[in-house]
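J.: All chains should be modelled from the sequences, with the hints used to inform the complete structure.
Chains as they are written, first to last, in this note's numbering: chain A, 1 to 166; chain B, 1 to 234; chain C, 1 to 550.
What the hints contain is simulated information worked out from the structure, not anything from laboratory work.
Heads up, some of the hints might be wrong.
With a Cα cut of at most 27 angstroms, we get these calculated DSSO-like pairs of lysine-lysine [as the list claims (entries may be wrong)]:
1. A:Lys45 with A:Lys145
2. A:Lys145 with C:Lys191
3. C:Lys187 with B:Lys18
4. C:Lys538 with C:Lys490
5. B:Lys172 with A:Lys46
Facing chain C, a subset of chain A residues (Cβ under 10 angstroms, in silico) [claimed, not checked]:
6. Arg26
7. Leu29
8. Leu33
9. His37
10. Tyr91
11. Glu105
12. Val127
13. Asn135
14. Ile137
15. Met142
16. Ile143
A quick note: this is a predicted structure, and the numbers were derived from the prediction, not measured.
Just so it is clear, CB atoms sit at the ideal spot from N, CA and C, and this is done for glycine as well.
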Amino acid sequence: MTTSATSLDKRLILVDKTIAVHGNRRDALLEILHTAHNVYGFLDKKILLHISEKLRIPPSQVYGVATFYNYFKLKKPGSHSVTFCLGTACYVKGVEEILSALEKEFNVKRGETSSDGKLSLFVTRCVGACAMAPNVIVDDEMIGKATKEVVLERIRKILESERVEA
Amino acid sequence: MSERIVKLIIDGKEIFAKPTDTILKAAIDNGIQIPTLCYLEGLTPHGGCRLCVVEVKGNPKLMTSCTTPVSNNMEIITNSPKLIKYRKQIIELLLAERIHTCSVCIANGSCELQELASKFGVDHTNVSRNWERFELDMSHERFVLDHNRCILCTRCIRVCDEIEGVHTLDIKRRGKDSMIIVDLDEPWSASYSCTSCGKCSAVCPVGAIYVKGKPLSETKRKELPKFITERRRR
Amino acid sequence: MKPEEIQKIAETEHDLRMSYKYRINVCCSSGCLPFGAQKLLKAFEDTIKELGLERVCKVARTGCVGTCSVAPVVLIDPGNHLYQNVKPEDAKKIVQEHIINGQVLEEYLYKNEAYFSKQYRLILRNAGKIDPLRIEDYIAVGGYSALAKALTQMTPEQIIYEISLSGLRGRGGAGFSTGQKWNFVAKSTAKPKYIVANLDEGDPGVFANRTLAEADPHAIIEGMTIAAYAVGAEKGFIYIRAEYPLAIQTLKKAIEQAKSYGLLGNNILGSTLNFDIELRLGAGAFVAGEETAILSSIEGLRATPRPRPPYPAVSGLWGKPTLINNVETLANVPLIILNGGTWFSKLGTPKCTGTKCFSLTGKVKNPGLIEVPMGITLKEIVYEIGGGVPDGKKFKAVLVGGPSGGCLPESMLSLPIDYESLTQAGAIMGSGGIVVIDDESCIVDTARFFIDFCMDESCGKCIPCRAGLPKVREILDRIMLGEGKVEDLKVLEELCYLIKDASLCGLGQTAPNPVLTTLNYFKQEYLAHIVEKSCPAKKCILKKVEVVKE
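T.: Okay, here's the thing in structure tokens:
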């Protein structure tokens, strides 16, 4: 994926706007990291340094905060992502089995992105839909009462349709 | 705060202290020893190593003496069998957490962890030891950062932030994956905020940050000069 | 706005509500949305329009009804008819039969009397009944009248007195007296003061707070505003998990509406009270729900806990007095103000008043969100409300209190739900998670799962928790691989006591609970792994446990 310089600037403007809305207040660091994470999809060192300079927070502190919270990704995720809920209810109902099956099928480990950059597997602690456990989120779609077969099928389809388009 | 004096009992001994004193300060002033590791006078107390925990009568929880202020008629026990056992276990856990091999450590002989281990008679660990190796950061011309020996006491971070005032160091990630970082997790030599003052190496209780080519006994400081601590903010 | 105007809106809205013969409540909460609730809402709206029934029947977008396992659901009033697993194509049929012909469609009905009859829905009284995105809906059912009463008829001291009298205790887990907490903050002289509403519901398997925020956000705002008046705070923060996008949107909208109605801001309801609320998002750190870690997080720092004293009531956010309450605690406040502390103190048990929301999940027939009076037994929850274990499997244990709760066996099911009984049994109230496991689950594996969770979520500040939990996990791994020794159990137990006693915050202090309770109630399962090298649930040993190297 290539990003033109102008759209990069637009994203930076959004981050700067959030900083301005919070009056450059240091305690708004998390809010600003959220905005940056939303617009860029992940947090790289360049944006962290930018935030550090704007808020006058030492870079090591910004980095420490960004890596403390699991919600923030510091690496670029794949073009498709599958998120597994590893909450108690989902665990009890066997989400681990689905996860292992995917790891094997697509040769990618949890928390990582496949070598072709197509697929990332993430785990999260509870999406809060415990009554529908186990829950798996494929891109933005939640699959409740998920089974290995359904999830595998869904991802194969997504990857397949892309291949056809290409 | 009034200047009145409070009376308290530590290990059966009646002592007097200022109401602004911590339990640790009151104990030290009265010749009572409480083991510490992350604590360093002059830096904001951290309360992380848990070695200085004491029992306070009427409180079911153990309290860190470095952070808890004294109050009138407090009764404190610093050395019950339970406390001694916990301290031993904590030292064991630290020794098992990363690679601590005294014979090849620059801090051998002037290491606070080693000193505590021998004082508490920790001659083995009941839990298995970790041997996973981390890369050393030897990029700086004068200092070395060896994560394998780090106990995450944060003295270096605090001295860098509170005394030197640059906050070059911090911690990345969390829990067992915590690690000391320089700026945006860069090699030390690439740091643009570090002033190379060397205070971090002076306050490191173990051999995690040290000056290249110098025995630790020469570079180490167990105390910060009083005038510095008096001048620090807060 | 004046208090009388609230009353007026309430009357107008009430009349409007009454003018409809039917009300179709379509649950649009996080439980139902992924399963097509939005389309369902539209289908009902379109159908009603098509048939020209707009004046007869109101279609409303509401919060959670609680029966999340049969999502999406629709609740039709009057009569509280709950339709389950409704699809958009069913809308026409339901409208035709129920609204036009007055015939209840039995085949769609959620038939489970016990699920609701054993519950006492106090906090969740509006859930599924009002549109959370309309402040008028909340006002119509008596919302903000408690705030009006507090501001016009009561002094801060009287409010704190009523809260103390009610016996209300913190719903975040520890069960500290709310009245006492408010009193501490009220007495602190430093200014400004802050209020933090804790909605960092990080326990895996718990979604009570989220449901409350999605279904009845104004109850939280009203409770906070009353608290602000009582303790003298000017600014409030709602700290909410970033993983709850719908709850965040709902609260954002609710705060805006409250501001536009003058229920937040300066001179609220014509009084001298100035109070504002800001939302703060968490970012995936369970420990941030801890009382002092939440302060660090709101200040934009790593969410590491701070030693107490100083307590947040004296030195909290930016060193100023801060009241930290769970949102469920705060949602109780308007009810206590309206009905009096004495009324509330009669609910539940004498030492443990009121109700508690629980997320009931795992191997039960009817999982979902429930609200029960304190003092109800675990047996009633698991078997009567939950309907017992499905598929003819055998009940093994119930995990009460989230990842740092306890794992209780069948013999403990007569235990009443209150803070003291649970603590004594080795569990905790926590934020209200109840997970049932059957004989297909291995006890050691379950304990390891929880330790794994707490280990991942440990902030790393204090040594017992940071360095101790990985060792606990290592021993459990060994046992699961059939490589454990009997002596390991002693080391395990000693480690657990160290972590419990010497850790800095609640996370570490409760993290060993699953291991300690299982060692206590299910020791034979550990021994089966160690001595007989077999797993009673047939889960371990044969299965290779991946040992994560980090």
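J.: Does each hint hold? Answer for all of them.
T.: Quick rundown of the hints versus the structure:
1. A:Lys45 with A:Lys145: 38 angstroms, violated
2. A:Lys145 with C:Lys191: Measuring from Cα to Cα gives roughly 51 angstroms; hence the hint is violated.
3. C:Lys187 with B:Lys18: 24 angstroms, holds
4. C:Lys538 with C:Lys490: Holds, because 25 angstroms separates the two Cα atoms, which is no more than 27 angstroms.
5. B:Lys172 with A:Lys46: 17 angstroms, holds
6. Arg26: Holds. Min distance 6 angstroms.
7. Leu29: 3 angstroms, holds
8. Leu33: Because about 7 angstroms separates Leu33 of chain A from the closest Cβ in chain C, which is inside the 10 angstroms limit, the hint holds.
9. His37: Given a least distance of 8 angstroms, the restraint on His37 of chain A holds.
10. Tyr91: 6 angstroms, holds
11. Glu105: 17 angstroms, violated
12. Val127: 6 angstroms, holds
13. Asn135: 8 angstroms, holds
14. Ile137: With a minimum Cβ separation of about 9 angstroms from chain C (threshold 10 angstroms), the hint on Ile137 of chain A holds.
15. Met142: 4 angstroms, holds
16. Ile143: Status holds, d = 8 angstroms.
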